[in-house]
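Asker: One letter stands for each residue in the lines below.
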Amino acid sequence: MNLTQEDIARIASLSSLSLSQKEKDESFIFLTTIFSYIEQIREVDIQDGHATLGTNLNVFREDRKTRTDTDVITKNAPHFEEGYFLLPRVL
Amino acid sequence: MKSFITLKEINELLEQGKIESSEVFNFFRQRAVDYNSSINALIEIFPEHLKSSAYKKGHLNGIPGVLKDNICYADHITSAGSAMLSSYKAPYHATVTERILQQGGCILGRANMDEFAMGSSGEFSAYGPAKNPWDLKRSPGGSSSGSAAAVAAGIVPWALGSETGGSVRQPAASCGLVGLYPTYGLFSRYGVIAFASSLDQVGPLTRTVYDNAYIASILSGHDPKDSTSLPEPRRVYYKKLEEKMPEKIVIGIPEECLEMEGIHPEVRKAFTDAIADLERVGAEIRYLHLDNLKYGISVYFIISRAEAASNLARFDGSLYGSRIENSPSIHEMYAKTRQEKFGAEVKRRILMGNYVLSAEHRSTFFDKACYMRRMIRAEFEAAFKEVSCILTPTTATLPFTLGKECNDPLAMYLNDYFSVPSNIAGLPALAVPAGFSKDKLPIGIQFIGPRLSEELLYKVAYAYEQHTQYYQETPHGF
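Residue numbers (my numbering), protein chains in the order written: chain A, 1 to 91; chain B, 1 to 478.
Chain B on its own, in the form it takes in the complex (with noise of 0.2 Å):
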């Protein structure tokens, strides 16, 4: 089997009998074993051989992913990146395990991750920072820092990320892969530990569109475990992917983007590219304003602050994770083990999320929040009634370089300038490889549509895609 083939392409090989699932498992296995030391991107290997009579008939065929390190695999440890827990075994699966699994999915191991999804940069995980396959010194993306790095390297033909604000998107276009943010509560986050509720989804990351909507079909459909689950039945996305634009596409470029200060210039200048392809392929562009774009990150900043306090609240050392023993009262053993156990980048973020709700702030900051997010919804859906989506950058800047941008929080932050508005929207966003820099560093774009359009926005990806073909390149010494 060849380096970096797709999940299509391993499909085809088990129907047509030329390779067995056992063949797939340990390739990609021994790829991990070889691969994961110089990028970091699994915390765990999990040691399972399987012989081929275990592997299960489906959509996967014991094809092996990674999941996130948040996302339940039940007897295995599921840490979050964090050293709270760092000895938490899942006591069931995460519902998109279970579907994963119910398809002949294999899961190879978990992926490293931002503590607890907090982060851009993969560098507050608690087992050490991932790095970017295509630049050694550069961050792959966060917080599914690992799950993209998997990829990206060959590790893995496709991996389970999760996201609250671009946590999915921006490593995608970090390392040069596709990434989906869902419609929310189009797939299950039964099983999936929390960060901020109302804008936490899980996605999938691969290096092809048509990979990614696969998954995505297998995620999809109603659970009725999680009560923000869409009663939406299950969706199947890849088998209309067509290398035609489809009909009458127009798609939505907001002026803020082009105007954007702090915008890298090859950032820019991919992102005019992918305008002139898109429009070569088919597509009308049609140019519009988001004048609430810009209120994004103060909007997400302080609602999934809020949330995260609030859902961090429940890790105090009393009925799982780690303890600090010995202390006199259960208040002191609470204050002592968040104070060890939980990340610089958490404790912050517990902080500001308690300051926004409390008594004396809250009607200045959370509820003027919760209006901006409705205001920021309105002005999308106000767009789509005029063009079918919406293109902008995935992220402003190249990515970071380990070591340099986590200590600007803002600088860090503003990277998820035009990732955050979808999720405060709870809109799907798909984000697909548009180029590479000067120096051979991936660069993204993303769609942005309507509620439930997913099956529009692979389509739109896929044309693009199939045009462009950036996914054909791959990083060097892997």
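Next comes chain A alone, as it looks inside the complex (with noise of 0.2 Å):
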């Protein structure tokens, strides 16, 4: 595995995050360190019998409204007016 500088950046893209050179150049050092190490999974083999250990199941609740004071919520947004969120243009 070979991480480049490109693939911090598309990254950084994806994870909406506008890094500076500078921080692209660290996490690049950062991360190559990392992947240097976890390279160590490589050497296990996949065998089925994992696979198929441990079970996950759906855990439902009733869709109810449980509060109706919306204003807690609302006060933490950084725009909020007349019942809508306020965000630059989309388009």
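No lab work stands behind these hints, which were simulated from the structure alone.
Note that beta-carbon positions come from the ideal geometry of N, C-alpha and C, so glycine has one too.
Everything hinted at is true.
Facing chain A, according to a computed beta carbon distance under 8 Å, are these residues of chain B, among others:
(1) Lys89
(2) Phe301
(3) Ser318
(4) Ser329
Hints given; two lone chains; assemble the complex.
Answerer: See the structure below:
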């Protein structure tokens, strides 16, 4: 596995992070160190046995309104006016 | 009241009518005011001054503690140690907060932490690092840095932390405390700001095993608001603790712990001393191999970063939290806000998470890590057919020196070598003090047990603690 500077730029964009060049360079060094350590997982063979361990189940709850005091939520919004969250243009 | 009084001792004084709840609260609040500036354990000390009539009866009778700053306390700021949420007011109580308040607990303040619980030294907090009361040049560990430092300095008798990969137990070891990572799903995560949801759990930090079992009993029990909460009744762990080691306890010692490269000699010595002490108090010791222990860190890296990248996508400046203004488009607003309000470590973890989840790399990393997670869990399950619990050091090293290890990612992460396997397997692990280095720095060991074996872990740890009495030692200057 060879991480490249281009990978960092692409992943930063996917992550909605406008990293500075310095941060890109540092992240590259940091992640290269980590990926060279986790290379060790390659030595493990995948056997089917473990794939079936553990069971997941869905947990449901009744779908009903439990609170009506929406102001405690909207007070945390950077901009909220007349029932709407205000945002910059999407398009 | 004496400094470093335990929860149990305070409750006894309250029951005997020798002190009142208001005295207890004022005593600890004054300690917080006096000592917090030297250790930066609390980001905020709450101003409330309650009258005695307002103290609620219950298991905590007004006895104050602190919450890690990622645990919601309604109408109070809950920042997760981040500039992103610096003015975010929790709209509701976390279930663990609710349970503490129901039992008459008071919340004295919010405890410092690594940003979004990502770190092992507390140095990634947006509010400056907390310091270790045993040595102010050292870190109290992380990410529950402030919770541990506050209890170790006797500012409060209990604190709640949270753990994704050792973030309660490693600070417990660094500060000479008891810390629990419970069976995954034992304590509700409702109202706890998420880092990696398949690993995150709340855990209590206290000076003694009894006090820890006491808080754990309050927190336990099913919560319908958390879909990962186990359908288990509330448990009582503190009533059956005895000085005598329970009968027929077999403690497994992974040979890998003794052979590990990079383990500090004083940690190794404390660990082997603990094995001898446990044998002396009646436990049978059996050596075994956990071949997959060495993969713990890699599997943890991949799974925790992948889940972190997903969980932190919600912090984009639109609905709550901070926003950088004057962006021409929504996408620029997202990117500028996240760039400016997330710290360096959080950004690195998001990058790594999105990388291992990306289409080209997912099977190499994420799918493989999920497979290996089951493999690690299966190995533990097989071991527990032979032994009652497993003993390891809590950390491989002594507490970090502030400003040193945080620049060496691998040294920092390898410190979690012993703690992350139980997170990955969802198994309970209880960290307890195991003595001190020659420079009087705390060292810890941990007992890892099968799912829902907290009662057993508390019993074994209590017998060990009563024999060794390390909790009697307190740091100077507090």
